[in-house]
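*Asks:* Chain residues, written in single-letter form:
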Amino acid sequence: MSDNAPVISAKNVWKLFGAEPEKYLANMPEGHGFDDIRADGYIAGVKDVSIDVNRGEMLVIMGLSGSGKSTLVRCFSRLHEITGGTIEIDGQDIMALSDKDLIDLRRSKMGMVFQSFGLLPHRTVLENVAFPLEMRGQDGHSRRERALEVIKLVGLEGREEYFPRELSGGQQQRVGIARSLAIEPDIWFLDEPFSALDPLIRREMQDEFLRLQDMLGKTIVFITHDFDEALRLADRIAIMKDGAVEQCDTPDQIVLNPATEYVRKFTEEIDKARVVTAGALADASITAKGATVPAQATIKELAASLVADKRAEIPVAAVDGTVVGGMKRQAALAVLLGDAA
Amino acid sequence: MNSFRSYFENPRNIPRVFWVLFGLAVLLTILRPVLPAGLVRIPEALLAPWRDWIDVAFNFIRGDMESGRFGLIYITRALTGVLEFVLNAVANVLYGKRRWPNIEQIPWSVLGIGITVMAYYLGGWRLALLSAITFLWTALVGQWKLAMETMNVILVAAPMGFIIGGLLGIWSWKSKRVEETIKPLLLVMQVLPFFSYLLPAVIFFKVGPTAATVATIAYSLPPMILMTTIGLKKVSPEVVEAGKMAGCTRWQMLRYVYLPSARTEILVGLNQVIMLCLAMVVLTAAIGMPGLGAKLLAMMGSFKLGRSFEIGVTIVLLAVTLDRMSKAWVTKQPEHFEKGTPWWKRHFYFLLAVGAMLVTYALAQLFGSMKPVELTLWPISEFNLPQYMAGVVDEVHRNESLSQSKPIDKAMRSFLSWDGVTAVTTSIRYFVNVYILVPTEKALLYIPTSAFILGVTAICYRLGGYIPGLLAFIFFCIVAQFGYWDRAMLTLHSVFTATAIAFIIGSPMAIIAARKEKWANRMIVVCDTLQTFPSYVYLLPAVMLFGISPVTVIISILIYTMVPVIRYTIEGLRGVPPELTEAADMSGATRWQKLFKVQLPLAMPTIAVGLNQALVFAFFMVIIAEFIGTRDLGQEMRKTLAGTHLGWNFVLGFSVVFMALTFDTAINAWAEKRRKLLGLS
Ligand SMILES: Nc1ncnc2c1ncn2[C@@H]1O[C@H](COP(=O)(O)OP(=O)(O)OP(=O)(O)O)[C@@H](O)[C@H]1O
Ligand SMILES: [Mg+2]
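Taken in order, these protein sequences are the chains called A and B.
Residue numbering for the first sequence follows the numbering used here, starting at 1 and increasing by one per position.
Residue numbering for the second sequence follows the numbering used here, starting at 1 and increasing by one per position.
Hints are computed from structural coordinates only; laboratory data are not their basis.
Please read these numbers as outputs of a predicted model, since none were measured by experiment.
Check each hint, because a few of them may be wrong.
[To be verified] With a straight-line cut-off of 27 angstroms between C-alpha atoms, the simulated DSS-like cross-links for lysine-lysine are:
1. A/Lys152 to B/Lys339
2. B/Lys304 to B/Lys145
3. B/Lys174 to A/Lys23
4. B/Lys233 to B/Lys244
5. B/Lys332 to B/Lys233
6. B/Lys406 to B/Lys442
7. A/Lys11 to B/Lys304
8. B/Lys518 to A/Lys100
9. B/Lys183 to B/Lys676
10. B/Lys244 to A/Lys100
11. B/Lys145 to B/Lys406
12. B/Lys327 to A/Lys100
13. B/Lys332 to B/Lys234
14. B/Lys332 to A/Lys23
15. B/Lys639 to B/Lys327
16. B/Lys183 to B/Lys145
17. A/Lys100 to B/Lys176
18. A/Lys300 to A/Lys310
19. A/Lys289 to A/Lys265
20. A/Lys11 to A/Lys23
21. A/Lys109 to B/Lys244
22. A/Lys218 to B/Lys183
23. A/Lys328 to A/Lys289
24. B/Lys97 to B/Lys176
25. B/Lys244 to B/Lys234
26. A/Lys241 to A/Lys100
27. B/Lys244 to A/Lys152
[Unchecked claim] Facing chain B, from chain A, some residues (calculated, C-beta under 8 angstroms):
28. Arg106
29. Pro121
30. Thr124
31. Gly140
32. Arg144
Ideal placement from N, C-alpha and C gives every residue a C-beta, glycine not left out.
Could you build all of it, start to finish, from the sequences and the hints given here?
*Replies:* As structure tokens, then:
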């Protein structure tokens, strides 16, 4: 297995809900849309999704409520048996796994944070967090040690002995996060993990998250409704509608080149200057001279210099100092003023 | 066939079919004098020998120890040995029966204080007080041994009922097929007369505590199975998924995720098991099981009112304590301890209980050996409480009990023979007997079998539709075939008259109570408490007031069925959406108009469920009332206990089952339909 092979590779994945989904999918006419399927009494939770997630990548999934985000992630972890297509984790077809192998995979590699937490009501915070360790037979002492470590990480020190119903929503959510981290998973699924947190802790958790990501290089699939969060965290964003992935690309590409009308509408409200970087606007065929701007800087960050700098074309330099191309000032200003694309 | 069925299911045809069937029934009744005898009652010659068939099948399964033919009895007799051993061991600890482990009995005070501390832990001082009163009462009126004989069976039966019911519940949750099979069985079990539990238990498990235990276990199973299945089904899917993602194996899933998450329902099931065990164990007096039930039966039989009353109080106290304690356990949520709480603090109540028990035990040893203590217990002025308590802390001997059965007896008798009271009771007895019971009974017995079957079919069809109608027809044909038609009619007669009177008295009470939230709540609490009493004790007030007579039977059923009637009527009325009553107020309805035009119609589905429960209760009680002396199925069933004719017993038992199920199905179907129609479900 080479290092740049995708960790998760989904090909033409379908998940239909209904009476006899397999049979229905096999006989379904070509080009049947979401509404046609619904008219036949089935719900397309996931509709013909092909997506690869690379090692160490953070893929953010966005979409309206009911667009199938949670369902897709459940397919990745085989909490749902998919109706059609294949899903490979580290090159292994997970639908072909035996019960035992699946259990091993989950015990050693996967962590998941649930939208409504899924805490065990009869266990304390400590016992909840240690639960996955207990299930794989780790001894009591090391289990406790590790659990305390992650509880500290999510800032719940001193609450180890509480029961879930004695905690606020945000605290419960953090227990869920801690539990998913306890086994140090390689692949981490997070279903709106910060939705119940207040803005301050949310920001803290995001930072913590990025740090972890830098340090441990986990592969992460992250669901959120919050665009700012997506922009802060994402390597790529997948936008879903009616079970299908409309577009899956880097944030600036999604903003600059929406693949469909739906994606354009979806991203309409965002301040593009905060997403688009100088690098994204740089054109290698343009050779401008003079002071460079850094490629990874967003247009927003460059706003002041853009207004002052009167050159029509501004050279853009990568982190190592080499010039990657020139950026048209006019285009940059257009992004800044919000009428680009 | 399909068009046949759809004809009957078409709402337009329902009234027509109903009137045709019902009219036919009326016609047959009118024409009875000229009807051929075969239509009036099924002639003996046409009755299939069900009893013998069942006996043959049953004997085959049972096997025979004398001739050495292998069968079920070999297995059950082996189990009997084990069960007997366990029962004896517990009996040794509880009341000093001379069996292994041959330790002395636990002094009543030691057991009492341990359980009272537990009650305090579960439900605070109120529960502790209740528990203390129960123990003091039971011991000091000298019924400790009786109560322990009864508890002996409960202590063995309840855990086993809990475990077996739980396992069956898990199984029926796992497998759709099992669930489908178990469901109708549970329905039958819930209306099967307890005599039909007792006889097989006696045949397979020897007369006495063993048979009593087995019958009690079987009787307590249905709600445990149902509650376990419900609880497991209700576990939130995300919790299950969290378990899967933690890599649980199937066993771990069940053990660590499902069962703990279904805790509430499972414990509610346990509460039901305990209460049903208590209800049943007092009834096992019928198969010679000693204890409170047998004593109450004997005392009531010889009209010793004082003793009966005291035993009744003991049974009620035990019931309420057991119920409240197990319910408190259901609602008791775990509380966390702050970090660094010392070990003894975490186990404070446990240690307290153990400590208190040890101290009491030491006291018992100390003072117990100083016996006999000369005590003059009465009158109270010479009463020396500490001295007395010290004297009886180990054991309350016969001459030391505070039982006041003689004075109570005397007081009751003089009260009952007081002219005012006798005037009332005799006139009630006379009125009920002459104007209600006798004429209705005559009428019911007059109706030809054929007419009755048609009439019941018509009514059930009208109420519930095609399926209930069809079932009514089949079920009553079977009852007729079983050949105890007149007895079945007498049973039905008691059930119907008692339930009807319960409605006439109960509904107005409920309607008045439902007008104020406070009254309604109180009434519900009273109903809940009354419902925990073993049905057996309801005989007591009826016997006291009316002696041994047919009216007593009706009165005892009536008191018992009044509880669900009141309860469900209140709940139905309270469940009426407030917008609707407000709308009625706004359109200027008077209180009566509001009640009859808005509240009652909307409450009707719930009241119907209450009616259904009342009928089920009545079918249960009417069999118990056999102890007073009836002429119906129950009386005949009692006779079967003397032998081993399971066929005879089952034919009688299932006559009751089929009648009860007929009304159960029809009323439930009606309530369901009605609820949908009103948009209430
Ligand atoms: N177990 C199920 N059975 C039937 N339909 C389901 C099931 N799970 C999900 N669905 C349907 O699939 C669709 C997608 O649901 P999903 O939970 O994936 O949405 P989502 O994008 O996560 O929404 P949200 O943002 O509200 O969490 C919905 O229409 C939902 O009703
Ligand atoms: Mg979701």
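*Asks:* Compare the structure with each hint and give your call.
*Replies:* Quick rundown of the hints versus the structure:
1. A/Lys152 to B/Lys339: Distance of about 15 angstroms is within 27 angstroms: holds.
2. B/Lys304 to B/Lys145: Holds, at roughly 19 angstroms.
3. B/Lys174 to A/Lys23: holds, 25 angstroms
4. B/Lys233 to B/Lys244: holds, 16 angstroms
5. B/Lys332 to B/Lys233: Holds, because 22 angstroms separates the two Cα atoms, which is no more than 27 angstroms.
6. B/Lys406 to B/Lys442: violated, 42 angstroms
7. A/Lys11 to B/Lys304: Measuring from Cα to Cα gives roughly 84 angstroms; hence the hint is violated.
8. B/Lys518 to A/Lys100: violated, 58 angstroms
9. B/Lys183 to B/Lys676: Holds, because 23 angstroms separates the two Cα atoms, which is no more than 27 angstroms.
10. B/Lys244 to A/Lys100: holds, 12 angstroms
11. B/Lys145 to B/Lys406: The given pair, whose Cα atoms are some 20 angstroms apart, holds under the 27 angstroms limit.
12. B/Lys327 to A/Lys100: Outside the cut-off at roughly 40 angstroms; violated.
13. B/Lys332 to B/Lys234: holds, 20 angstroms
14. B/Lys332 to A/Lys23: violated, 49 angstroms
15. B/Lys639 to B/Lys327: Answer violated: B/Lys639 to B/Lys327 is near 38 angstroms, above 27 angstroms.
16. B/Lys183 to B/Lys145: violated, 39 angstroms
17. A/Lys100 to B/Lys176: Roughly 25 angstroms between the alpha carbons, so the hint for A/Lys100 and B/Lys176 holds.
18. A/Lys300 to A/Lys310: Holds, because 17 angstroms separates the two Cα atoms, which is no more than 27 angstroms.
19. A/Lys289 to A/Lys265: violated, 37 angstroms
20. A/Lys11 to A/Lys23: holds, 19 angstroms
21. A/Lys109 to B/Lys244: holds, 13 angstroms
22. A/Lys218 to B/Lys183: Not satisfied, since the Cα-Cα distance of roughly 50 angstroms exceeds 27 angstroms.
23. A/Lys328 to A/Lys289: holds, 12 angstroms
24. B/Lys97 to B/Lys176: violated, 46 angstroms
25. B/Lys244 to B/Lys234: Holds, because 17 angstroms separates the two Cα atoms, which is no more than 27 angstroms.
26. A/Lys241 to A/Lys100: violated, 34 angstroms
27. B/Lys244 to A/Lys152: The given pair, whose Cα atoms are some 25 angstroms apart, holds under the 27 angstroms limit.
28. Arg106: With Cβ-Cβ at 4 angstroms, under 8 angstroms, it holds.
29. Pro121: Result: holds, 6 angstroms to nearest chain B Cβ.
30. Thr124: holds, 6 angstroms
31. Gly140: It is violated, given that the least Cβ distance between A/Gly140 and chain B is near 15 angstroms, above 8 angstroms.
32. Arg144: violated, 12 angstroms
Violation of the numbered hints given earlier is confined to hints 6, 7, 8, 12, 14, 15, 16, 19, 22, 24, 26, 31, 32; the remaining hints are satisfied by the structure.
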